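Enquirer: Each chain is listed here by its residues.
2 protein chains.
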Amino acid sequence: MCHLGYLNAGRPVVLPMVHARVGETLYIHGSTGSGPMLAAKASTGLPVCVTVTVVDGLVLARAAVHHSVNYRSVVIVGTAHLVEDPQLKMAVLQALVDHVVPGRAADSRLPDTRELAATGVLGLDLVEVSAKVRAGGPVDGPADTALPHWAGTVPLRLAAGAPIPAGDLDPAIPTPAYLASYLT
Amino acid sequence: MCHLGYLNAGRPVVLPMVHARVGETLYIHGSTGSGPMLAAKASTGLPVCVTVTVVDGLVLARAAVHHSVNYRSVVIVGTAHLVEDPQLKMAVLQALVDHVVPGRAADSRLPDTRELAATGVLGLDLVEVSAKVRAGGPVDGPADTALPHWAGTVPLRLAAGAPIPAGDLDPAIPTPAYLASYLT
Numbered sequence: 001m002c003h004l005g006y007l008n009a010g011r012p013v014v015l016p017m018v019h020a021r022v023g024e025t026l027y028i029h030g031s032t033g034s035g036p037m038l039a040a041k042a043s044t045g046l047p048v049c050v051t052v053t054v055v056d057g058l059v060l061a062r063a064a065v066h067h068s069v070n071y072r073s074v075v076i077v078g079t080a081h082l083v084e085d086p087q088l089k090m091a092v093l094q095a096l097v098d099h100v101v102p103g104r105a106a107d108s109r110l111p112d113t114r115e116l117a118a119t120g121v122l123g124l125d126l127v128e129v130s131a132k133v134r135a136g137g138p139v140d141g142p143a144d145t146a147l148p149h150w151a152g153t154v155p156l157r158l159a160a161g162a163p164i165p166a167g168d169l170d171p172a173i174p175t176p177a178y179l180a181s182y183l184t
Numbered sequence: 001m002c003h004l005g006y007l008n009a010g011r012p013v014v015l016p017m018v019h020a021r022v023g024e025t026l027y028i029h030g031s032t033g034s035g036p037m038l039a040a041k042a043s044t045g046l047p048v049c050v051t052v053t054v055v056d057g058l059v060l061a062r063a064a065v066h067h068s069v070n071y072r073s074v075v076i077v078g079t080a081h082l083v084e085d086p087q088l089k090m091a092v093l094q095a096l097v098d099h100v101v102p103g104r105a106a107d108s109r110l111p112d113t114r115e116l117a118a119t120g121v122l123g124l125d126l127v128e129v130s131a132k133v134r135a136g137g138p139v140d141g142p143a144d145t146a147l148p149h150w151a152g153t154v155p156l157r158l159a160a161g162a163p164i165p166a167g168d169l170d171p172a173i174p175t176p177a178y179l180a181s182y183l184t
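Protein chains in written order, with UniProt numbering: chain A, 1 to 184; chain B, 1 to 184.
Fair warning: there could be bad hints in the mix.
[To be verified] Stretches of chain B that chain A covers, calculated by requiring three or more beta carbons in the stretch to come under 8 Å of a beta carbon on chain A:
{"#": "1", "segment": "31-45"}
{"#": "2", "segment": "67-79"}
{"#": "3", "segment": "100-106"}
{"#": "4", "segment": "156-168"}
{"#": "5", "segment": "172-182"}
Hints are computed from structural coordinates only; laboratory data are not their basis. Predicted model, so just to flag it, every value in this text is computed and none were measured. We put the beta carbon where it would ideally sit given N, CA and C, even for glycine.
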């Protein structure tokens with residue numbers, strides 16, 4: 001997932017979103033009545049910043065100021081535009097589903113004309129993109145390494161549990177193969 | 001962690017940050033030379049949006065458009081101000097360390113005068129705050145529940161691995177008790 005930053009009445013707003021990349025464009029979506037979609041509709045192009053962050057661990061140094069977080073982040077800035085073409089919108093919505101669960105779009109009911117019309121899609125070309133990575137252990141100054149405080153890292157990762165079938169799922173429908181990796 | 005949104009030359013920027021709450025104020029910190037701190041210094045108050053998101057799971061509905069994510073998020077908007085008082089800055093830096101690893105601040109070397117001066121701290125009063133939660137299983141329309149697609153949720157959580165001591169850690173220093181929960 002990502003965090004989308006845009007302006008509402010001149011002030012910054014940051015919202016969690018799901019994104020997908022198709023070629024050299026990043027896409028996000030939402031109800032046509034949501035804040036970002038309304039803001040995009042009211043303008044000819046919406047200045048945005050989309051940031052994706054993955055946290056890999058906590059870094060504990062002896063010195064409080066050298067505590068850190070291991071992470072990978074990407075910051076994309078630019079002007080997002082509403083996608084009007086229904087065919088591209090359909091392709092983007094499938095890419096969004098497949099980005100979250102690869103292989104899922106083909107095993108779902110695709111949007112109908114009404115659903116497509118009620119969904120806003122914003123495209124942001126990947127032109128101004130920066131990545132930042134922090135990895136490895138703590139870095140203390142030479143005067144601090146002899147201090148009696150523990151130092152090191154605590155690894156973190158997003159872990160999945162076993163899939164939980166919907167209460168109304170036909171028991172004859174097995175857990176699909178594309179969810180197998182979540183079962184281990 | 002949180003994502004901070006602010007304006008740089010009139011355009012939104014979103015950066016991952018660590019935050020801590022002290023009373024009714026949220027604090028973030030960074031080098032005095034970092035973008036947000038420079039922007040705050042150049043103004044009498046920095047319009048910001050701070051968003052905290054915890055992802056709890058993926059929600060797979062039969063219909064592509066009803067796919068969702070289970071999450072808890074908090075969005076705080078307002079005007080942030082630089083903290084100048086060294087005593088408050090010191091308290092905030094301890095709170096930031098303790099927010100990430102409760103109990104750690106007391107087991108670290110606290111900032112000295114030079115480190116305190118090189119660290120910028122921004123305070124944002126918790127006045128305009130909204131929370132949003134999505135939980136539970138997929139919600140498909142009645143016409144879709146008989147479709148042959150699997151439906152349900154995949155639980156997600158941030159999982160910690162066993163702490164990894166720094167390469168130069170004195171082996172006589174044991175893993176501290178406040179990291180015990182990360183060992184299980």
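Enquirer: Under a C-beta cut-off of less than 8 Å, do 3 or more residues of the segment 156-168 of chain B approach chain A closely enough to confirm the stated coverage?
Expert: With 13 residues in contact (Cβ-Cβ under 8 Å with chain A), the coverage given for the segment 156-168 of chain B holds.
Enquirer: Under 8 Å between beta-carbons, do enough residues of the segment 100-106 of chain B, three at least, approach chain A for the coverage claim to hold?
Expert: holds (count 4)
Enquirer: Can you take a look at whether the segment 67-79 of chain B is actually covered by chain A? Rule is 3+ residues, C-beta closer than 8 Å.
Expert: Check passed, 6 qualifying residues.
Enquirer: Count the residues of the segment 31-45 of chain B whose CB lies closer than 8 Å to any CB of chain A, then report whether that count reaches three.
Expert: violated (count 0)
Enquirer: Is the listed coverage of the segment 172-182 of chain B by chain A valid when you require three or more residues with a beta carbon under 8 Å from a beta carbon of that chain?
Expert: Answer holds; 6 residues pass the 8 Å Cβ test.
Going down the numbered hints, you'll see the structure goes against just number 1.
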